[in-house]
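For the record, the sequence lines run as chains A and B.
Each residue of the first sequence is one higher than the one before, counting from 0 in numbering that gives the first Met the number 0.
Each residue of the second sequence is one higher than the one before, counting from 0 in numbering that gives the first Met the number 0.
None of these hints come from the bench; they were simulated from the model.
Watch out, some of these pointers could steer you wrong.
Because identical chains cannot be distinguished in the list, a pair is counted as satisfied if it fits within a single copy or across any two copies.
The calculated SDA-like cross-link candidates involving lysine to any residue, where the alpha carbons are at most 25 Å apart (straight line), are [claimed, not checked]: (1) Lys366 - Gln322; (2) Lys28 - Leu109; (3) Lys469 - Gln479; (4) Lys260 - Gln70; (5) Lys54 - Leu109; (6) Lys246 - Asp34; (7) Lys108 - Ala90; (8) Lys184 - Gly308; (9) Lys66 - Glu31; (10) Lys140 - Glu337; (11) Lys321 - Ser67; (12) Lys107 - Arg192; (13) Lys423 - Pro227; (14) Lys251 - Leu9; (15) Lys465 - Ile313; (16) Lys54 - Lys469; (17) Lys66 - Pro296; (18) Lys251 - Arg36; (19) Lys29 - Ser133; (20) Lys51 - Gly328; (21) Lys107 - His150; (22) Lys379 - Trp166; (23) Lys185 - Lys315; (24) Lys428 - Glu110; (25) Lys323 - Gln70; (26) Lys93 - Lys107; (27) Lys251 - Asp34; (28) Lys258 - Glu338.
There are 2 protein chains.
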Amino acid sequence: MNREKLQDNLGITVKKSENFSEWYTQVVKKAELADIRFNVKGFLVHMPWSVKAMKLMYRKLEDELEKSGHQPLMLPSVIPESNFEKEKEHAEFKAEVFWITEVGSERKKLEERLALRPTSETAFYQMYSLWVRSWRDLPMKRYQSCQVWRHETKATRPFIRGREFWWIEAHDAFATREEAEAQVKKDAEITERVMHKLFGIPFLFFQRPEHDKFQGAEHTYAADTIMPDGRVLQLPSTHFLGQNFAKAFNVKFVDEDGKEKYVWQTCYGPAIWRIFGAIVAIHGDDRGLILPPEVAPIQTIVVPIFFKGKEREILKKARTIKQKIVRRGIRAEVDEREEHTPGWKYNYWELKGTPLRIEIGPKDVEKGQFVLVRRDTGDKINVKDEEIEKIGKLLDDIQRDLVQKADEFFKVKISEAKNMVELKSLLKKGGLVKVNWCGENGCADLIKSETGGGEIKGTLFGKEEKPSEKCVQCDKKAKQVVYIGKTY
Amino acid sequence: MNREKLQDNLGITVKKSENFSEWYTQVVKKAELADIRFNVKGFLVHMPWSVKAMKLMYRKLEDELEKSGHQPLMLPSVIPESNFEKEKEHAEFKAEVFWITEVGSERKKLEERLALRPTSETAFYQMYSLWVRSWRDLPMKRYQSCQVWRHETKATRPFIRGREFWWIEAHDAFATREEAEAQVKKDAEITERVMHKLFGIPFLFFQRPEHDKFQGAEHTYAADTIMPDGRVLQLPSTHFLGQNFAKAFNVKFVDEDGKEKYVWQTCYGPAIWRIFGAIVAIHGDDRGLILPPEVAPIQTIVVPIFFKGKEREILKKARTIKQKIVRRGIRAEVDEREEHTPGWKYNYWELKGTPLRIEIGPKDVEKGQFVLVRRDTGDKINVKDEEIEKIGKLLDDIQRDLVQKADEFFKVKISEAKNMVELKSLLKKGGLVKVNWCGENGCADLIKSETGGGEIKGTLFGKEEKPSEKCVQCDKKAKQVVYIGKTY
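Build out the structure end to end from the sequences listed, making use of the hints.
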């Protein structure tokens with residue numbers, strides 16, 4: 000087999016470390032994650048491999064949400080324009096909305112414009128006003144897994160920014176401010192358990208500065224990760240809505256003391272679609288995608304190496320091994336395609352990011368063994384047929400190692416600057432830079448312009464950091480320790 | 000506990016046999032399947048119980064589709080107007096479309112109107128024209144699980160007809176007409192395995208008459224079931240598209256013989272949402288919903304009967320039993336709510352259609368047993384603690400019995416008429432009536448008007464039935480044996 004030639008067809012032609020942007024574009028295309036050729040700008044066709052991975056991701060996150068008391072709903076994807084008007088700040092969302100204005104062949108005008116939901120607060124809370132009656136109904140925790148539409152004007156990028164993307168939105172209503180505040184911490188914990196431990200995406204969980212909060216929220220919290228090019232990417236966010244929406248949508252309950260009160264609310268929005276983009280970006284290497292076993296549609300691919308006269312016994316062994324590992328709960332397939340060489344298949348499955356490969360040739364049949372190859376390290380191990388349990392163990396190792404490797408990269412990308420010179424120089428390398436800040440918007444604007452786009456991502460949530468010196472930009476006393484990064 | 004009084008709060012107030020329409024409305028509301036109070040006409044809010052059941056249904060059908068070689072995709076939910084124009088007949092779909100015409104706060108007009116997909120042929124096939132190159136790419140079988148939007152003008156009804164509903168659409172392309180035709184049979188088989196055997200919905204699979212086919216298809220095939228009120232409900236349909244769309248969208252391949260050819264296509268559209276409506280309608284009784292174990296979010300509910308001083312041991316036993324059956328792969332919960340009596344809980348879970356209930360009182364703790372109650376028959380069985388495997392067995396029995404009961408009802412509803420007098424009288428009782436038909440549209444129209452809505456649903460697929468006499472309506476020679484029913 001002519002491995003080099005095959006690689007030309009399949010492989011990524013740039014190094015991830017040298018041209019991340021082009022590398023990402025090529026992986027999305029060549030690993031067949033999405034097709035960007037649909038004839039509406041900013042809308043993607045998602046291919047089987049990414050759809051299967053995202054389905055696994057949805058299940059993990061949905062399970063975790065249901066364990067923590069959330070129940071699933073499915074709400075309409077259209078929202079009447081008047082709903083947006085009810086909460087003043089939130090009405091700003093209209094700037095991003097796709098509007099449905101007419102129906103049928105005759106272009107019959109609708110009486111009221113309908114928004115394709117850009118987010119569903121105004122749909123959920125008008126229902127909550129019907130459902131919440133007494134303190135016994137609280138907390139009310141509901142979520143939906145769905146797509147949302149936003150008419151983005153910035154450049155779109157598969158799985159990072161698009162005009163239609165898939166997420167989960169969880170909307171919680173509580174009897175007290177304290178319970179709602181406690182939910183922020185719980186959301187951070189869910190993010191840690193799923194996004195970090197299962198998907199391998201490290202993050203810092205920030206409270207965003209006032210000037211960067213969600214429209215209609217009292218406070219916004221968000222998990223930020225760092226992409227290989229050093230840019231910061233916002234992942235799940237939680238908004239502490241206070242009673243803003245409760246008052247706008249009249250969500251009231253009769254408390255144990257017999258008094259009528261407004262609920263306190265939070266909402267949590269992990270975008271599966273974008274987290275998948277982060278998985279692609281963070282774990283992949285110059286050979287293509289590397290999927291953590293937890294989200295890999297195929298965790299182990301079995302490649303038979305056919306030799307004349309031995310085809311039947313090799314294939315038989317390949318199928319037997321597959322069946323055995325499937326029975327152990329591992330997602331596995333045999334690549335039986337006749338039109339491709341084993342070398343081509345190795346490249347193909349490496350590009351697809353399958354965590355483990357099993358090679359079976361005539362010698363393996365003779366010796367009662369098979370060869371295991373790790374996608375992340377390239378390590379090859381000979382395994383005796385009777386030691387099949389090693390596969391599960393190895394998948395666990397890969398899962399753990401990928402998380403650890405991502406953590407190490409992430410840690411290195413967090414630095415600290417005492418002054419603007421340091422800040423500018425560190426931001427050139429990318430990542431998040433810790434600084435002291437006076438807390439004034441003017442100063443944030445100056446930092447942004449002077450650093451060519453450095454934004455204040457916020458203060459660390461759940462860990463108080465006290466500023467010891469003056470603001471990184473001005474001579475005023477610093478009020479907060481914040482992190483600065485350049486975003487997509 | 001005052002069971003009667005509690006039932007007033009929860010229970011259905013009409014008999015299913017006497018007023019099916021009102022019964023259905025009440026079940027949807029009281030079993031909390033959907034809330035119809037969202038402020039856009041024809042759009043539903045789906046509640047946790049139905050969402051969980053539909054998720055299970057999606058998995059069953061997706062698994063079956065993937066086993067038969069289909070791969071999942073996710074396509075944009077918007078389709079440019081021009082796509083509809085490419086296939087002439089299909090353009091008629093525009094009559095039902097919600098149109099997106101503007102974006103943002105400034106009402107900026109889009110250059111081209113975008114349809115919210117009413118179905119996705121035109122989106123899939125423009126991509127197929129990019130993906131299909133050689134005979135090796137065929138068959139290409141892809142599906143997506145998604146919602147579609149249709150501006151229905153007929154009265155909407157939860158899970159039966161709505162302006163937004165959830166389905167799967169599978170789109171297959173083949174090298175030959177024969178393979179495409181064979182797929183129709185395969186789709187009928189999938190429908191049988193999943194919709195009939197797992198969901199308990201019996202059906203006849205018809206080839207629709209020419210005047211009732213899908214816009215752009217050569218032939219349409221559909222599985223029809225019969226609702227308790229005798230009306231016919233269309234469930235999954237398969238369209239044999241021939242090469243109509245292939246020519247419109249230029250989906251060509253180079254065959255083994257080196258020649259360029261158009262593909263042959265089929266599409267299959269099982270509407271999970273509507274099948275769920277059929278499950279509600281067909282299995283339920285005067286106490287509420289009855290869910291087949293295969294689709295029940297909770298298959299066994301454990302209700303502890305608290306007695307003073309014994310609360311702790313009863314609860315402990317309830318939790319232990321739950322854990323044991325969960326370990327056996329059964330979806331189970333303990334209803335630990337303190338604010339409700341056991342009687343109220345019995346009614347509640349009967350309304351929700353949970354297949355099995357376990358009651359545990361102080362005597363059961365003493366005797367080392369528990370009480371099992373079947374939702375479908377009301378049978379009570381004392382089970383020894385060590386015979387816990389009986390639960391799985393009983394769930395299998397319930398599943399089988401529900402399918403059988405539905406089959407029996409269905410069979411009775413199929414009759415045969417020799418002339419218009421018989422036909423009219425039989426159609427008053429509802430169901431499907433087998434008749435001879437001359438095959439002419441004029442005659443079909445007369446049948447419809449004379450019977451007050453009886454429509455020709457088609458000829459039986461896969462079983463040739465030869466007409467022996469003249470047409471049921473006119474004196475002409477009959478060409479086909481067809482089935483007539485009144486639909487929603």
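Quick check: which numbered hints come out false for this structure? Violated hints (numbers, rising): 2, 5, 8, 12, 15, 16, 22, 23 and 24; every other hint is consistent with the structure.
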